[in-house]
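Protein chains in written order, with this note's numbering: chain A, 1 to 208; chain B, 1 to 110; chain C, 1 to 621; chain D, 1 to 363.
Everything labelled a hint here was simulated from the structure, so no lab data went into it. Among these hints, one or two may not hold up.
To be verified - With a straight-line Cα cutoff of 20 Å, these simulated DMTMM-like cross-link-like pairs (lysine to aspartate or glutamate) come out: (1) Lys-52/A <-> Asp-453/C; (2) Lys-174/D <-> Glu-65/A; (3) Lys-340/C <-> Asp-453/C; (4) Lys-125/D <-> Glu-167/D; (5) Lys-531/C <-> Asp-79/D; (6) Lys-340/C <-> Asp-337/D; (7) Lys-26/A <-> Asp-24/B; (8) Lys-54/C <-> Glu-310/D; (9) Lys-169/A <-> Asp-603/C; (10) Lys-340/C <-> Glu-78/D; (11) Lys-6/A <-> Asp-453/C; (12) Lys-166/D <-> Asp-240/D; (13) Lys-179/A <-> Asp-453/C; (14) Lys-311/D <-> Asp-453/C; (15) Lys-536/C <-> Asp-79/D; (16) Lys-531/C <-> Glu-86/D; (17) Lys-166/D <-> Asp-124/D; (18) Lys-6/A <-> Asp-603/C; (19) Lys-311/D <-> Asp-56/C; (20) Lys-179/A <-> Asp-602/C; (21) Lys-26/A <-> Glu-533/C; (22) Lys-169/A <-> Asp-224/C; (23) Lys-52/A <-> Glu-78/D; (24) Lys-83/D <-> Glu-414/C.
Note that the coordinates shown come from a computational prediction; the quantities given were computed from them, not determined experimentally.
Listed here are the chains, written in short residue letters.
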Amino acid sequence: MDLNTKYTPQSWPQHAENSTLEGKNKFVGFWLFLGGETTLFASLFATYLALKNKGPEGMEFTTQELYQLPLVFIMTMLLLTSSLTSVYAMYHMKNYNFKAMQAWLMITVLLGAAFLGFEIYEFNHYVHEGFNYSQSAFSSSFFTLVGTHGLHVLIGLGWFILLMLRNSKRGLNLYNAPKYYIASLYWHFIDVVWVFIFTVVYLMGVAG
Amino acid sequence: MAHDVQNQMRTKTEFEYTRRRSADEMRGQVTTFAIMIFLTLIAFTAVYADFSPNLVVPIILLLAVIQVIMQLYYFMHMSHKGHENAKFFLFSGAFVAFLTVLTFVTIIWW
Amino acid sequence: MSSIAQKKGFGATLWDYLTTVDHKKIAILYLVTGGFFFIVGGIEAMLIRIQLAKPDNDFVSAGLYNEIITMHGTTMIFLAAMPLIFAFMNAVVPLQIGARDVAFPFLNSLGFWMFFFGGIFLNLSWFLGGAPDAGWTSYASLSLASPGHGIDFYALGLQISGGGTLIAGINFLVTIINMRAPGMTYMRMPLFTWSTFVASALILFAFPPLTVGLFLMIFDRMFDANFFDHTMGGNTVIWEHLFWIFGHPEVYILILPMFGVFSEIFATFSRKRLFGYSAMVFATVLIGFLGFMVWAHHMFTTGLGATANAIFAVATMAIAVPTGVKIFNWLLTMWGGSIKFTTAMLYAVAFIPMFVIGGVTGVMQASAPLDYQLHDSYFIVAHFHYVIVGGTVLGLLAGLHFYWPLMFNTMLDETLGKITFWLFLIGFNLTFFIQHFLGLLGMPRRVFTYGADQGWDLFNLISSFGAIFMAVAVTILLINIVKTIAQNKAVGRDPWGDGRTLEWAIPQPVPFYNFKQTPLVRGLDTFWIEKQEGNKEGMTYAEPVGDIHMPHNSFIPFVMAFGLFVGAFGALYNGEQAWAVPVLILGLLITFLSMGTRSLKDDLGYHIHKEDLMDKKGGKH
Amino acid sequence: MIKGIKKWRLFSLVTALMVFLSGCGEEHLSTLTPAGQVGRDQLNLMVLSTGIMVLVIIVVLVVYLLTIIKFRRSKVGEDVIPKQVEGNHTLELIWTIIPIILLLILAVPTVIATYNLADVSGMDKKDAKGNATAVTVNVKANLYWWEFEYPDLGIITAQELVVPTKEKVYFNLKAADVKHSFWIPAAGGKLDTNVENINKFYLEFDKPSAGLEDGVFYGKCAELCGPSHALMDFKVKSLDRDDFDKWVANMQASKEAETPETDLAQQGQELFTNKTCIGCHAVSGAGTTGARGPSLATFGDRNRVAGFMEKTDENVKAWINDPEAHKPGNTMPQPEDINSGKKFTDQELTALTEYLMGLSVEE
Ligand code: HEA
Ligand code: HEA
Ligand code: CUA
Ligand SMILES: [Cu+2]
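This is chain A alone, in the form it adopts within the complex:
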């Protein structure tokens, strides 16, 4: 593949994400990786469910008292919206509109960062209340599950930023298009996991 090939929207392949063999490999490989991630998160969810509300004798924290749904709702909205904005970015990638793609990704990153900010705030708040990592089996499993998701968000953000920076001069080509595409897949997957987190951890925690 030649990096110097210049494309017009019209000559840009319709499926730029997997129009080269490397792209195809990345594409398939990444989906498989997501399949593996599913079992990774399943193990964490399962552990959380088994340890939910379990702690040393006389533990004071329960899901009902701890969780604050308004905050979770805001975080959910942020992440869901960021999923949409990354779809916009990919839409523009398909149309070979590099600037618009970068812009939408920028918005995605900002939304993701806001999400992360809230999460850090939330964790911080819990720790201040005494619900820290070593407080109980429940706290360990909560922070590990939600924290692993948070870490994924962080990695996703880093990935997007790195891609945007390194390609800002180079523009869109068949070498980096698959990378953008799988980064956005990753972002959607993070959203998928979050849907389960807000349902299984927060909503089911509060509902009982």
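Please build the complex by placing chains B, C and D with the ligands on the supplied structure of chain A, with the hints as guidance.
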């Protein structure tokens, strides 16, 4: 490696057609998004409304599953062709995931 | 780049291997490292058998014995058997499907180096205050109570090498999905490729639970989490589940690729097409699938309750059916064939009764109430060595003889090979058959000694005596290897004369770009078909000679894995040494910076030009 | 019909094999000489499954040997190209269905036995007076010793389990520190002692153990639990119901501060009290769980020292003066730690031994 694709110039009509198609798709995705927000709202209100957990939990789980399927099929394009492997492996993973969660909520009871 | 014929200095060769992304060289790296760890694990096994040769022995102390069995099991499974399997996968699969390389050459190298450094890290525990001592299963209550850093070495070392394994698994999956030559449909893939595919899928789904389990263990031991501490609400059974959700598929990861190797060998040396090919494929997939639904058969005595035990018992038994299908298909492959007993074939032929014995004892254990008696007794030890040594190790030895000419263009000595075979087979049966009875007579496993009054002396002595045969056999194998390398007699293409699949059609020594022209696959056993039709070249081509795109060598994988290795020391000594946290950060920094370098630089590889390919020398760089 | 007969022959073969093998093992330790119904059920499954497996192996071996004898290249000829057979549906169907049938034959009794052996409902049965009808033992596994509490009888012992014959004895299993596993091979399969929950099952004993070589059944810890896992043995004494009741009565009557008969033993008792031994070891059989060391109330009746050493005066002394050397990692303090930095003198050891050996509830 790299059986490089020959870059074909698409014909004008083809180009216009795909453009229109993706614009359509984009509109569909915005609708999807709206539905997802809506589902989320229902889930949160269901919990706020304080119905019995036996009722609420299945409902919100169902909503979550619907929402995830929408993510997978509309945002991640799993319905498009070329995703056979993706589907197979993701659902296999989901199957293992299901078994794992199932055992952890049933046979670790103490 | 590289070329086998070219003589190079030691430094240059070393650098070449440190930076290589060529699947054939990575195969050699896996082979050498895995072989090394096999010897290490074997020496540990010998220490076990020496200690148990007589009652009340004090050859090793109680604590040391536990370290030895733990490291024996861990080393053999994670650092010997799996890497050796990867060696053959790397050496053979791309050639077998007509690919120029694996899908992600860079990641392939990264996977190897992560395994390498993880293994080294784990084994350094011997010198840094003691090895892990809670068994390879590292059950949580004991491993949390274990003093010192042994368990930390276990958790971190396996985490690193496990990451490498996951990468390798994904790599093979994508390679097989995307890189097959034209005409190589799924149902024309040789069985070794198929079993690689299924085993890799098992890796993909089984390793993440292990990753999680190990992380929980690391957090509990090093960062004050409480997953397994029951006084804090934790639960040790979670570890057992996570470990076995990984652990059971793991044993099929060990055996399925070897089933593949045996399938190739049976067909080749019977000069006959594999009997019931589609049933074989289906059985392989089914075993992989069922493999995820039976893990609790390792936990029958944990107290999961009658219903869980009954379900898992029946599910476990079901696996006997597809495995039986395979056994009978192999027998029928040989039936009516023309069987040539090369060393490789001897191993394959011996495998059948050995594995059946091991398999049927597995089914006995699957009967939960019976397993209440058998669990954690020497019966289990006998079972799993029959399937692992009688299946996986025989498969590895068979594969070694069978694929040696493909990898090195020389042939292992057949006479020495046969001596090794017989000694190993006799020793193996002497060692492990008798252990069934030891188990029935009440001997628990993982005991460092036993009293003279319990009636186990003679059987243990016989078992230890048998192990000597295996050690001698392995030593002769090493001599054979050294001799073959020293003689360095080239054998050329299709050395067995009866090769059936694409890898035997490629010229020897295999050019570093594999296929000059992508082959066209015209059926199952494509090389056989071409030969039968009198095609001298052995291949039909799918494309004219053209430029070949190749990836650049890279030192980055080595550095990335090394960073993790360094960082692991930081995590290990966290809270104990002042330098721990800086070292942890330093290690991660090394890894992430090298990763960043990789992604910031455009590395598009290079092309071997058509003209260079056309001249005889085949495009040396 | 004919097939059925053949199968029976096979089973008698297997049974004969088992009988032969049981000759090799020790009756008090071997799973092949079951001491009661549970062990017998499991042995029956063993015989059944071995029968099936031997059948499978024989079938495979027959085909196998025929194949490798008939179709060697030296026999078929060097240049023969065999017919490339694709497969055979009938055959494939046969070797799918027959194993399924064989497995069903094994699966049905497996499932039945699984539920039967898990039935501990008898544990809670009470007679008219509100007393438990069955004997229940709370087993607590410690690094590296066993405690046996009889909650309904108000007694507690260690290292040597005493059970009545000819009735179901129920067990509540728990670990105090790390996971262990409770296994009496002759009586029946094991069950783990977990740290976070109580596991329940039952065992049965047909005969008093007095007739056995050592007069006891051997019990084992079957889960790796640390350096001395191999030494974490216990013994089981099965008694007729009458003898058992007598034993229980004696246990209940045994008191903390009975003065021993000989002078030497009295010295021993003093030492035992002064050197804080008493802080960890109970010397009365009446009581409840919670001690840091095994109750020594029945030490004189026991078969072993610390569960595995032959019971001689020398071994008792050796144990007290250096427990670590005998059971690495065990939690009994070295004498230096309780005897102001010194080993016990010979004289002290003799006294202690005399005292301990005299602790008995049997006549
Ligand atoms: C290569 C590795 C390998 C393989 C292939 C297997 C294969 C099988 N294993 Fe094994 N197993 C281990 C490695 C392996 N195992 C290890 C390492 C352990 C111990 C781990 C530890 O605790 O440290 C273990 C432990 C283990 C246990 C737990 C025992 C315990 O700890 O209490 C059980 C219980 O069900 C079991 C069952 C089986 C079964 C049913 C199969 C089946 O897949 C076997 C199927 C094959 C056949 C049955 C033979 C061929 C079939 C026919 C000829 C058809 C006709 C047959 C019949 C009708 C029966 N295994
Ligand atoms: C791939 C897996 C694998 C392999 C190949 C082996 C191979 C062998 N194993 Fe085992 N083993 C396990 C996996 C494996 N094992 C596992 C998982 C456990 C459970 C651990 C646990 O409980 O946690 C176990 C446990 C285990 C035990 C039970 C320990 C106990 O419970 O107390 C025993 C005892 O006999 C044993 C013996 C052997 C022997 C004799 C071999 C032999 O086949 C080894 C033969 C190889 C050699 C002998 C090579 C040595 C070479 C030389 C000596 C050559 C000389 C060297 C030079 C010239 C440099 N192993
Ligand atoms: Cu207690 Cu082993
Ligand atoms: Cu298993």
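Verification of the supplied hints:
Among the hinted pairs, Lys-52/A with Asp-453/C is inconsistent with the structure: their alpha-carbon atoms are about 49 Å apart, more than 20 Å. This hinted pair does not check out: Lys-174/D and Glu-65/A have alpha carbons roughly 33 Å apart, beyond 20 Å. Distance check on the hinted pair: Lys-340/C and Asp-453/C sit about 50 Å apart at the alpha-carbon level, beyond 20 Å; violated. At roughly 14 Å between alpha-carbon atoms, Lys-125/D and Glu-167/D fall within 20 Å of each other, so this suggested pair holds.
For the hint linking Lys-531/C to Asp-79/D, the alpha-carbon distance of about 14 Å falls within 20 Å, and the restraint holds. This hinted pair does not check out: Lys-340/C and Asp-337/D have alpha carbons roughly 71 Å apart, beyond 20 Å. Between Lys-26/A and Asp-24/B the alpha-carbon distance is near 27 Å, which puts this suggested pair outside the 20 Å criterion. Restraint check for Lys-54/C and Glu-310/D: the C-alpha separation of about 18 Å stays at or below 20 Å, so the hint holds.
The straight-line distance between the Cα atoms of Lys-169/A and Asp-603/C is roughly 17 Å, inside the 20 Å bound, and the hint therefore holds. Taken as a hint, the Lys-340/C and Glu-78/D pair is honoured in the structure, with Cα atoms around 9 Å apart against an allowance of 20 Å. The suggested pairing of Lys-6/A with Asp-453/C is violated, with an alpha-carbon distance near 85 Å, which exceeds 20 Å. Proximity of Lys-166/D to Asp-240/D is assessed by CA-CA distance (about 8 Å); at most 20 Å being required, the pair is judged to hold.
For the proposed pair Lys-179/A and Asp-453/C, the alpha carbon gap of about 68 Å is over 20 Å, so the pair is violated. With a CA separation close to 14 Å, the supplied pair Lys-311/D and Asp-453/C stays within the 20 Å bound. About 18 Å separates the Cα atoms of Lys-536/C and Asp-79/D, which keeps this hinted pair within 20 Å; it holds. A hinted pair counts as satisfied when its Cα atoms are at most 20 Å apart, and Lys-531/C with Glu-86/D qualifies at roughly 19 Å.
For a cut-off of 20 Å, the pair hint linking Lys-166/D to Asp-124/D stands: about 18 Å separates their Cα positions. For the given pair, Lys-6/A sits about 19 Å from Asp-603/C by alpha-carbon distance, which is consistent with the 20 Å threshold. Taking the CA atoms of Lys-311/D and Asp-56/C, the gap is about 17 Å. The hint holds against a cut of 20 Å. The hinted pair formed by Lys-179/A and Asp-602/C meets the criterion: a straight-line CA distance of about 12 Å does not exceed 20 Å.
Taking the CA atoms of Lys-26/A and Glu-533/C, the gap is about 39 Å. The hint is violated against a cut of 20 Å. A C-alpha spacing of about 46 Å is found between Lys-169/A and Asp-224/C, which places the hinted pair above 20 Å, so the restraint is violated. Distance restraint check for Lys-52/A and Glu-78/D: the Cα-Cα separation of roughly 70 Å exceeds the 20 Å cut-off, and the hinted pair is therefore not satisfied. The suggested pairing of Lys-83/D with Glu-414/C is violated, with an alpha-carbon distance near 28 Å, which exceeds 20 Å.
Of the numbered hints stated above, those contradicted by the structure are hints 1, 2, 3, 6, 7, 11, 13, 21, 22, 23 and 24, listed in ascending order.
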